[in-house]
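Residue 167 in my numbering sits at position 167 of the sequence shown; the count goes up by one each step and never skips.
Any given hint could be a false lead.
[Claimed, not checked] Now the in silico label distances, taken between C-beta atoms and shown as ranges: (1) Arg-582 x Ala-490: 39 to 47 Å; (2) Phe-261 x Pro-111: 37 to 45 Å; (3) Gly-33 x Arg-137: 32 to 40 Å; (4) Ala-424 x Phe-261: 34 to 42 Å; (5) Gly-513 x Gly-119: 45 to 53 Å; (6) His-447 x Leu-512: 29 to 37 Å; (7) Asp-466 x Gly-119: 46 to 54 Å; (8) Gly-192 x Thr-249: 31 to 39 Å.
I should point out that these hints are in silico values taken from the structure, not numbers from a laboratory.
A virtual CB, placed ideally from N, CA and C, is assigned to each residue, including glycine.
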Amino acid sequence: MPAPGFEVGVVIPAREEELVIGACLWSLLTQDGAPPMRVVVVLDGGRDRASDVAAAYQALAVEHHHELEIVDSAGWGKPAALDTGEAALGDHASIRIFLDADVVLSAHAVPGLIAALAGPEPRLAGLTPAIYETPARSVRSFFRVWSHLPSVRNQVVGGGVYAVNAAGRRRWDRFPALLPDDAFVRSRFADGERVLREEPFLLVPPRDSGQMRETIRRWRDLNRRLSATDSAEGVSARPADHIREIARTPAVWPHLPSFVFHSLSARATSRWTMTRPWEHPPRASRESQRREAADPARVPRVHAVVVTHNSERLIGACLRTLLDDTAGAHLTVTVVDNGSQDGTLSLVKRGFPDVDALQMGDNLGFSRAANQGAARHPSEADWLLFLNPDAMLMRGALRSLVAVAERLPNAGLYGARTHRESGAVDHSSCLAMPSVAQALAYALCLHRLGPLRRLDPDELGGWRRDSVRHVPALTAAALLVDSRLWARLAGFDESFIHYGEDVDLCLRARELGADPLFSHLSDVMHVGGAGLEPGMREIMILRGKAELYRRRLPSASASLAIHALEVGVIARAALSCGSERRLWSTVVRSRGAWRNGFATGQVAPTEVRTVGAR
């Protein structure tokens, strides 16, 4: 019998979910500010290792003052599994969260749900879906329209997670066998009783068009059953509401053909295809590319590497936010100091005794130091995190990034959304492929030309960095890498001294089948260039760009691209004024130091030693 102290209960039905339930449990059990929870995982048949995976999280649950129980369903199908989970909760949980095993929660999701359910009135609470932008273009287009529908955008849609308070739970008895559980529960509540929280959860759509149409057919079949009952009082917005909303949103118009095609094709085939409502959508092909040799029955282990050089002013805040962001038993940290002349290393040793501190004899560049740090725990980590000393993790950033990585492991590399000190989103946290077009956009200063900036390849079509999406390349201010992929890549290319090595790593990873992934669910404050002399950061960035062009483009294209960089620097010096003009004038005068990249003889040792934080 569950202890009376658990006022929050969570039911997770699991059927053939061994490859996804670990990410779900990690994101649930490490919630920020959540009270003690009783979590019941209900095994709904299947022949996978979901029970082994869930059992691996017992220690993590205890560490965070939760209770985790694994039970077998008393019947067959999801409704029976939900009823079994509720029976295991008993009568003590006044707040009940129903969670699909393939859902990833943001770090503040559970406290948000609890806050929405306060009070004696019946309440249903849901979270805002953050839709993973799958590489399948037609599926991506469908969900861009779907996410703007009034019945989705401003409603509790379920989608794999919803919660009720005690008064709300009395609105129904058992879960009906022939109805979708989330839509059925939503129909029990009026508009004013449904609360949508801004905290996001990761919603992973079907992998391809075939699975998309099968999923739509399933939605239609189940909703038809629901509408035939007496519980259709507040189910959805009317079609006219949908049309008006889409007409007011020009950004989704290009995606309408795909939305209409999938909807009509599913309608045409739903007359003769019926999916049993308790079955999960097809999953095997979506998960079949799980990274090789990965054991899902383990709690993820992260090894963080921070490379410092004269970083005394910022390293303390960086390490505090890092160590506060995950359980210490699952995180190891190595600080590699690149010949600091201030008190960086002594501050680390004095203030952070559990951090492994490694001192390099001189500043030999970021790549070599990062590789040395990664090698300190080669066989103990599932994930490597590279974090700049002038970067500070916002609460929950690392846990959310690891959860996304565990849920979508085939990407191989994962980047967080970075912010400048002003709070503005820094779009340079992910970049386009090295190209002549990229260099020409730099020459034309497109980033200063308002609407034209979307033509800059690095802007990725004007994307606002507000979704979980695959990108050409990520930067290393906060970069998570699969340790197995890291080993295949042999780390950063040490011929890159400073800047460019992260983009090079992503390009080489793509050649091995990886697909770098950006997540807006993780936020990082990045000062950028702290401690550098004026113009030095720009010089080092341009040197890295020039080196990438030399290596990745044909010689004629590389020469044109590098000349375009020179034009861009001269234009910035001419268009700016005051201290900014002096900065760019310094970069113009120093173009002999960066235009040839890291070619032999072009980088003086004295120059390298002046480099501080990235």
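- Is the hinted range of 45 to 53 Å satisfied by the C-beta distance from Gly-513 to Gly-119? Holds, since Gly-513 and Gly-119 (Cβ atoms, about 51 Å apart) stay within the stated range.
- Query: Has the hinted range 34 to 42 Å been met by the Cβ atoms of Ala-424 and Phe-261?
  - Reply: For Ala-424 and Phe-261 the Cβ distance comes to about 38 Å; the hint holds.
- Query: Is the hinted range of 39 to 47 Å satisfied by the C-beta distance from Arg-582 to Ala-490?
  - Reply: holds (41 Å)
- Message: Taking 37 to 45 Å as the stated bounds, is the beta-carbon spacing between Phe-261 and Pro-111 within them?
- Response: holds (41 Å)
- Task: Return holds or violated for the Cβ distance of Gly-192 and Thr-249 against the range 31 to 39 Å.
- Result: Cβ of Gly-192 to Cβ of Thr-249: about 26 Å, so the range 31 to 39 Å is violated.
- If you check the beta carbons of His-447 and Leu-512, does the distance land in 29 to 37 Å? Cβ of His-447 to Cβ of Leu-512: about 32 Å, so the range 29 to 37 Å holds.
- Message: Against the range 32 to 40 Å, how does the distance between the Cβ atoms of Gly-33 and Arg-137 compare: consistent or not?
- Response: Check passed, 39 Å falls within 32 to 40 Å.
- How does the Cβ-Cβ distance of Asp-466 and Gly-119 compare with 46 to 54 Å: does it lie in that range? violated (32 Å)
Hint compliance for this structure: hints 7, 8 are not met, and every other hint is.
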